[in-house]
Amino acid sequence: MVELRGVYKSINGHEILQDIRLEVRHGEFLTLLGPSGCGKTTLLRLISGFEEPSSGTIYINNKDVSGLPPHRRHVHTVFQSYALFPHMTVFENVAFGLRCQRLAKTEIQTRVTEALKMVKLEAYASRKPDQLSGGQQQRVAIARAVVNRPLVLLLDEPLSSLDYRLRKMMQLELKQLQRKLGITFIFVTHDQEEALSMADRVVIMNEGRLEQVGTPRQVYEGPQNLTVAKFIGEGNIFDSEILAIDGKYITVDIQGRKRIAKSHRPFSSGQKVHVLVRPEDMRVWGQSEIEDSSELFPGVIEEVTYKGTTVDLMVRLACNKLIAATKFFDEDNDRLEYTIGQPVWVTWPSGWEVILPHEAG
Amino acid sequence: MKQDSSFRSFSLSLVWIWLVLFALLPFALVFVAGFLSHDNDQLLSLPVTLANFFQLHHSLYLRIFEKSLWMAGLSTLVCLLLGYPFAYAIARIQSPIKHFLILLVIIPFWTSSLIRSYSLIAIVKTKGLLNTLLISLGIISHPLPILFTNTAVLIGLVYNLLPFMILPILTNVEQLDNQLIDAARDLGANRFTTLLRIILPLTMPGILAGCILVFLPAMTIFYIPDILGGAKSVLVGNLIQDQFLIAQNWPFGSAISVVLTILLALLILIYWRSTRGEEQEWP
Amino acid sequence: MKLKNISVASYLTLIYLFFYIPIGVLIIYSFNQAQYSLLWHGFSWRWYQELFADQSLWLAVWHSLVLGILSSSLATMVGLFAAVCLYRYRFFGRQLLYGVLFILILSPEIVMGIALLILFSLIKMPLGFISLLMAHTTFCIPFVAVTAYSRLVSVDKYIFEAAKDLGANDWMTLTSIILPLLWPALLAGWLLSFTLSIDDVMISYFVVGPEFEILPLKIYSMVRVGIKPEINALCTVLFFITLSCIVMYQLLLRKKT
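Chains as they are written, first to last, in this note's numbering: chain A, 1 to 361; chain B, 1 to 283; chain C, 1 to 257.
Quick caveat, the hints were computed from the structure, so don't treat them as lab data.
Please note: incorrect hints may appear among the correct ones.
Claimed, not checked - No farther apart than 25 Å at their CA atoms in a straight line, the calculated lysine to any residue pairs in the SDA-like style are these: (1) B/127 x C/41; (2) C/4 x B/186; (3) B/125 x C/17; (4) C/124 x B/205; (5) B/125 x C/125; (6) A/105 x C/228; (7) C/4 x B/125; (8) C/157 x C/254; (9) A/327 x A/191; (10) C/4 x B/177; (11) A/117 x A/64; (12) A/230 x A/314; (13) C/228 x C/57; (14) B/98 x C/252; (15) B/98 x C/21; (16) A/307 x A/268; (17) B/98 x B/14; (18) B/98 x C/13; (19) C/218 x B/195; (20) B/98 x B/195; (21) A/120 x A/207; (22) B/125 x C/25; (23) A/128 x A/177; (24) A/117 x A/172; (25) A/321 x A/351.
Stated by the list, open to error - Taking CB as the label site, the calculated pair distances span: (26) A/104 x B/268: 20 to 30 Å; (27) B/21 x A/27: 40 to 50 Å; (28) A/131 x C/210: 52 to 62 Å; (29) C/180 x A/164: 52 to 62 Å; (30) C/16 x B/25: 36 to 46 Å; (31) B/145 x C/7: 28 to 38 Å; (32) A/15 x C/180: 32 to 42 Å; (33) A/131 x C/50: 55 to 65 Å; (34) A/359 x C/180: 34 to 44 Å.
Quantities reported herein were computed from a predicted structural model and do not represent experimental measurements.
Beta carbons: idealized from backbone N, C-alpha and C, even for Gly.
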């Protein structure tokens, strides 16, 4: 549906986007995720037509849209501040795009009512924006965009000004709406949890480049590089070296101990790598629970944080490395009591780690 | 973004054409006219010359310039002395009556200054209110001849231009961060030091703006000296007025205007430079 | 601290008296029975009656009103366009446009007056209604532009992008969005321009023609001749017209903040 080929964008001499190659499939919910300043909003604006790329082409529905203004591209944007017209009622706001298209009054009436029903606001049609709550305003903004039947809907951090509860609710609603409408959604956010929970595919961006594109699972469980790994979820990173390779089994040296890890990526023996282990994959055993500790890493607990559903631990391993471990309460571990200063043994299930090529810094 | 916008072309053209034709062009013409000559048939004629500017060196005209500078400067000073405390006091008021009080300043600000100058006549003339009041209070025994003197012109200038001094200072004081004053007090400054070291420097932009807004008109308004000062009072404004409409010496009148404008532009430049450090949104 | 409050209040009162006593005297004496005396001889409408009977004065009032209305309306249109262009578009000479508007506000009226006089004589335009109209419109434009621009800046800038996104061209944005949102500011700008036009003496002095009399210049010539009681009545009328415009202007600016 949307394709970007070799797109670059510079503003005032600063390179905002470099060599963007992306294909967005029809009907998918795609999230652009990245820290502030990574260029994700600029990318959105290039697709919507508010900016033109410095070089490269953008195709929407197989048509080259270079030079076309926003409304001719059949994509619409939901802005971060909603940008509702304050002097118009909800109805008039939603009808605006249709009026610009010079549609008949009756058709406008039907379509607007339909759109308002979809966002559950038909009772508010004659209210003005300042009489609505934030969540309602947001839904009006969505209705206003969606009523024009765009090929793609672009959403620029639409949920960032809502409080936690409302956000969670809207995330679900948006996802359901998207499935119902069947339109391609491109959603920009800097909140990785939001991105993972809503998207069919996630695009991770950093400093103007696409770092990785994949399903939430692919991106979380198989980050391609350190940047992605650090951005998505928490992670413990070990600097390591490859000792031996046997097919997909790779022996690495971590803190003097040999571990066998799995990876499908091509590495060579002797290569410096990072080994990533997620906190929730860490196993922490008390001294008394273990008999054979040859494979385990010794450590001392430095911090215990009780979070309700989990207990987060900071453990200082030998040679001073600090790692994070998250323990969940379940039938096996319903007490989870740890004390600061307690000596423990740490390990993780073989194959659950991710090996990443070494990056400086 | 290259937009095919007919509105943009239309409005830009309209605005530019109007302003070039009726603002830029006329000012440029004044500048040019200062270098031209005139004769009996034509108001502006060709030999390009600097004679007009040299004519200004004549002591007669220099005296007029001097007098205007003096009057304008004095009025600015009086306005500052009267207006600063006034503006400061109003700006610090918290109660809702403040809006009304500010409105009471804005009304004279926008009311025709011709009318206001005229209304002064009844006050300052020999049998006017002021004299009558002073005599009845026993302060003087003979009426003071104020009308048709420089004093009357001065009073007229101050009377008309005081709001121009008050309003910028008021805006400036309103924007003062109270915490700065509190911090100064907290650190041990007494009222006087706080005023001198903190408040005055911070309100300097307002003061400068007020001074310019008073000084510029004070130099150039011709009907105030005309009405209140009579035939004897000739300031720069009257001079230009005469050259254009009586003496029909347009080049000379233009030359005077050019010199005046340069002088005033310099003042504005000083103001602009001094407020350079601040974030200036237009306007 | 009470003493301080009293002295502050007294000072403020003195200055306010300074402002309003002369005008107050003017208004009062416009109702004074006697012609030249300072003493109060009784309330009378006499001067207003003579005022209303004076045909030439009515003509001047009519001229000033027409001039004021037309020039304010023109200035409001051009000023609005200037504000919109400055706000929305990047164009060559943008800084220059700011500069010209700035100069127009600050430049001494006498310089503007003679400048326009030179222009009109150069293009051989006869001095009269048209020259006055052009002049008045020109000096009013920056005031409307400033008022409109301040209002534009306070609107969420993404509204314009949203309108573009939904397919509105710039004309539609003007009529559906800018005008409805800005109308208080535009009306305020109009009122301000009207006031400036009605009261203008110096610029009009230079570009007025012999046939077309306007009110402020009529007052000016009457004043130069000497005090006539009708002038008091005339000034009072003019004062109240201006007063109502200013009060309305302030109210409009306060609207929807």
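List in ascending order the numbers of the hints, as given earlier, that are violated by the structure. 4, 5, 6, 7, 11, 16, 17, 19, 21, 26, 27, 29, 34
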